[in-house]
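Novice: Starting from the structure of chain A, add chain B where the hints point.
This is what each chain is made of:
2 protein chains.
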Amino acid sequence: MPTVHVNLGPRSYDIVIGSGNLCHAASLCDAEQDDAQTVIITDSNVAELYAEPLATALEELGCDVAVLEVEPGEPSKAPEVAIELWEELLDHGADRKTVIVALGGGVVGDLAGFVAATFTRGLRFVQIPTTLLAQVDSSVGGKVGVNLPGGKNLVGAFWQPCAVLIDVAVLSSLPEREYRAGLAEVVKYGVIQDAAFFGYLESHVGQINDRDPNVLAHLVERCCRLKADVVEQDEREETGLRAILNYGHTFCHAFESATGYEQLLHGEGVAIGMMCAARLAERLGRVDATFIERQRKLLEAFKLPLDVPAVDRDELIELMYRDKKVERGKLRFVLPTCMGHVELVRGVANDDVLAAMEG
Amino acid sequence: MPTVHVNLGPRSYDIVIGSGNLCHAASLCDAEQDDAQTVIITDSNVAELYAEPLATALEELGCDVAVLEVEPGEPSKAPEVAIELWEELLDHGADRKTVIVALGGGVVGDLAGFVAATFTRGLRFVQIPTTLLAQVDSSVGGKVGVNLPGGKNLVGAFWQPCAVLIDVAVLSSLPEREYRAGLAEVVKYGVIQDAAFFGYLESHVGQINDRDPNVLAHLVERCCRLKADVVEQDEREETGLRAILNYGHTFCHAFESATGYEQLLHGEGVAIGMMCAARLAERLGRVDATFIERQRKLLEAFKLPLDVPAVDRDELIELMYRDKKVERGKLRFVLPTCMGHVELVRGVANDDVLAAMEG
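Protein sequences appear in the order of chains A and B. Using the working numbering, read the first sequence as starting at 1 and increasing by one per residue. Using the working numbering, read the second sequence as starting at 1 and increasing by one per residue.
Just to be clear, a hint being listed does not mean it is correct.
Said to hold, decoys possible - Some residues of chain A that are not near chain B, with every Cβ distance over 12 angstroms (derived):
no. : residue
1   : MET1
2   : SER19
3   : LEU28
4   : GLU59
5   : LEU61
6   : PRO175
7   : TYR200
8   : THR290
9   : HIS341
What the hints assert, rightly or not - Computed beta-carbon distance windows for the label pairs:
no. : chain 1 : residue 1 : chain 2 : residue 2 : range
10  : B       : PRO75     : A       : ALA195    : 55 to 61 angstroms
11  : B       : ASN21     : A       : ALA195    : 54 to 60 angstroms
12  : B       : ASP91     : A       : ALA169    : 41 to 47 angstroms
13  : A       : PRO213    : B       : GLY73     : 56 to 62 angstroms
14  : B       : ASP234    : A       : ASP91     : 56 to 62 angstroms
15  : A       : PRO10     : B       : ALA349    : 45 to 51 angstroms
16  : A       : LEU344    : B       : LEU61     : 27 to 33 angstroms
17  : B       : ASP14     : A       : LEU344    : 42 to 48 angstroms
18  : B       : GLY93     : A       : ALA310    : 23 to 29 angstroms
No lab work stands behind these hints: they were computed from the structure. Glycine included, every Cβ here is placed at the ideal spot set by N, Cα and C.
Just chain A, with the same shape it has in the complex (with noise of 0.2 angstroms):
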C-alpha cells in the first residue's frame, strides 16, 4: 500500500492509503498488545456505517473496544462536547495505555485528537478521517482542536497521530457536497506548492468528479506528502512556513464565523477565500487575470460555490482581525505570486481586503 512518511522525529508516523483497508487499522493501534483498549470516537453518521466493522476487527485481535458518538457536523467541535467525552472515557475506564480512534471527518478528527491530546495529559490516537477534506488535510500534521464561538479552532494543541490510515474506497459513500468541498482543498495544494498537480487535477477533472479510486488514491497520496513537506519543516507553525497551508483561510474563516458555521462547508469556504485572495493577489499586483481564470475555472470544474456569502463586510474584516494569524494587530494574508508558489503578505489595507471580497 501506498504509504507517506512523515519524519517528525520522534513523533514520526506513517499515513498508509488504500481501498478497501479500513479494518487494517487494527494492526495501526497495537492491538495486539495485552489488555489493549481502544476507543472509537466517531459521529452517528459514520457509526452506522464503519463503526462496528473496524470495532469487530480490533475485538477480533483481543482488543477492548468502546465507541463514543458525536452528532455530526461543525457544533460538536467545542469544548464542552470534549468534556462529555472526557468524562465518558473516565466511565469506559479509559486510561494512559488507551488508544483513541478517530473515525470521520475533520470535526471528528479534530476534537477526538483534542480530547486524545489533554485527556491524562496525553494518550496515543490514530486518524481514520473518512471525508476527502480529512483524508488530505486535517488528518495530517496534528492540529487538534475545538472551536470557542468567537473563533474556530482557537483552543487546541499540537499532537501527532500515531498513525494514519486512509482508505478512499469510504469516499464512495460521502454525499456529493462534501466530496465536492473537500476537492477545494486538493486545488489548494496545486496552487500554494505544486503546478503540475494543478495540471493534473485539469486533465483529470471527469476521472475526480466520478471519484476513480486509482485517480484518488494517487491525489491523497500526493496531497498528504505535500502536506508533509511543510509540516516536516514547521510542525508548530513557528516559521511562517506552515501558515502557506492556510491559503484563502484568512476569508474562510471570517466566512464560517460569520455564517455561524453552519451555511457552508469547510471546503465551500476555502473554494470562495481562495478566489478572494486570489483577487487581492491580483489588487497587489502579485498575479494576473490568467492566474485567477485558471483557479476559477478549476473549482467550478468541481462545481464549488465561489461567491462570498451575503453578511456585512465590516463585521467579516472585524473576525478576521480575530483570526489567530493575526499578529499584534496586523493582517496578514496567504498570497500567491505565481502557480505552484505563495507568499505571506503582512500588513494589507483593509481597503483592499473589502475590494477583494468583490467578485
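Specialist: Relative to chain A, chain B alone:
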C-alpha cells in the same frame, strides 16, 4: 539571586528565587518586546495583595496588561472555568504572542497553565507561585490541567513555563493552614530523594514554623532542585521515575475526591497519604516502625493532620482505581525502602491498602 536551571533541551527554563523580588517578573515576560501583551491570571485573594504592583511593574516596561480573576479554591480548577478564561482572553484581544502570567497557588498555576497550553495551541507562560505548595511543587515541571468530577488532574498537558519566579516574601501573607499544608510536600522531598534534607528539616523546625526567610529560601531552592532532577530525567512521566513525586498521592487523590475537594487542602491530603504509604510499606516489609515514627514526628511538628478522613473505605479503593497512575486495572504505589529512597510497587492487594488506611 539563587537560580535553579531546569534543563529540558529546547524547553529549558530558570527558576529564580528571592525575597521581595516579585516585580522583577517583568523582565521574565519579554515585556521589552514591542506591544507585548501580558495577561495575569490570578484568584481574587491573591489579586488583592499582589496583582496591582505586578501589573504596574509590567506596564512601566510598556506592556499591555490585563488581569483575569477566578474564584479562589479547587473548584476553579475545572474545564468550565478554562472555557471562561479562553473566552476572556479572546475578548482582551490575546493572540499567539501573548504571555500568560500565572500568579497564585497550585490551582491558579495548573488552570492558567492549561489555558496557556491550549489557547491558539499554546502560549508562553510565566509561573509566579504564591503559596509554599506551589513554590516547591506545582509550579515546577510543566504539569498543567484541570479536574473532572470523576477525578483530579484528569485533563491537561505537559507544558513548560518559560520562567518561574519565586518570592518567598509573599509567604508571609499565607494563612497558617495553607503554609503548613505546603510543608507536607517539603517533607516528601526528604523522604523520597534526600535523607540529608530530611535531617535539615528536623533540625530547623522552629525557624520553619516561624517562616524565617533565609531558611525558606534555602528550603524552596532545595525542593525545586530535587524536583527538577526528576523532571529532567522523565519530563512526560514515561520512564516511571517521575512517579516517585507521587509518594502519598494515590491515597491523597482518593481522600480529596471522596471529600469533594473541600475538606482537605492538597498538602494535608499528602501528609495523610504519606502516612498511609509508610504503613503500607511497613506491611509489605519494606521499612520498619522507626521510619514511620520519624516521618510522623516531623509531620506532627509542622502540625499536619494525619488521620484518614471518615469516609467509606471501599469508596476510597474504588477512587484509587480511577487514578491516572492505574495501569491496566492494577494499583501501584510509591513506597519507601529507607529514608531518601522510594520505589514504584505494582500489584498491591486491596486488603493491604485497606489495612494501611487504619492508623
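Novice: Hint by hint, note whether the structure agrees.
Specialist: A quick look at each hint next to the structure:
1. MET1: 31 angstroms, holds
2. SER19: At about 33 angstroms from chain B, A/SER19 clears the 12 angstroms cut-off, so the statement holds.
3. LEU28: About 20 angstroms separates A/LEU28 from the closest Cβ of chain B, which puts it past 12 angstroms; holds.
4. GLU59: 17 angstroms, holds
5. LEU61: With a cut-off of 12 angstroms, A/LEU61 remains clear of chain B, as the shortest Cβ separation is near 16 angstroms.
6. PRO175: Nearest chain B Cβ is 30 angstroms from A/PRO175, so the label holds.
7. TYR200: Per Cβ check, A/TYR200 is outside 12 angstroms of chain B; nearest 33 angstroms; holds.
8. THR290: Its Cβ never comes within 12 angstroms of chain B, the nearest being 36 angstroms, so this holds.
9. HIS341: Correct as stated: the minimum Cβ-Cβ distance to chain B is 25 angstroms, above 12 angstroms.
10. B/PRO75 with A/ALA195: 55 to 61 angstroms: 57 angstroms, holds
11. B/ASN21 with A/ALA195: 54 to 60 angstroms: The hinted range 54 to 60 angstroms holds for B/ASN21 and A/ALA195, with Cβ atoms some 58 angstroms apart.
12. B/ASP91 with A/ALA169: 41 to 47 angstroms: 46 angstroms, holds
13. A/PRO213 with B/GLY73: 56 to 62 angstroms: 58 angstroms, holds
14. B/ASP234 with A/ASP91: 56 to 62 angstroms: 29 angstroms, violated
15. A/PRO10 with B/ALA349: 45 to 51 angstroms: 37 angstroms, violated
16. A/LEU344 with B/LEU61: 27 to 33 angstroms: Holds, since A/LEU344 and B/LEU61 (Cβ atoms, about 29 angstroms apart) stay within the stated range.
17. B/ASP14 with A/LEU344: 42 to 48 angstroms: This hint is violated: roughly 33 angstroms between Cβ atoms.
18. B/GLY93 with A/ALA310: 23 to 29 angstroms: 28 angstroms, holds
Of the hints listed earlier, those the structure fails to meet are numbers 14, 15 and 17, in rising order.
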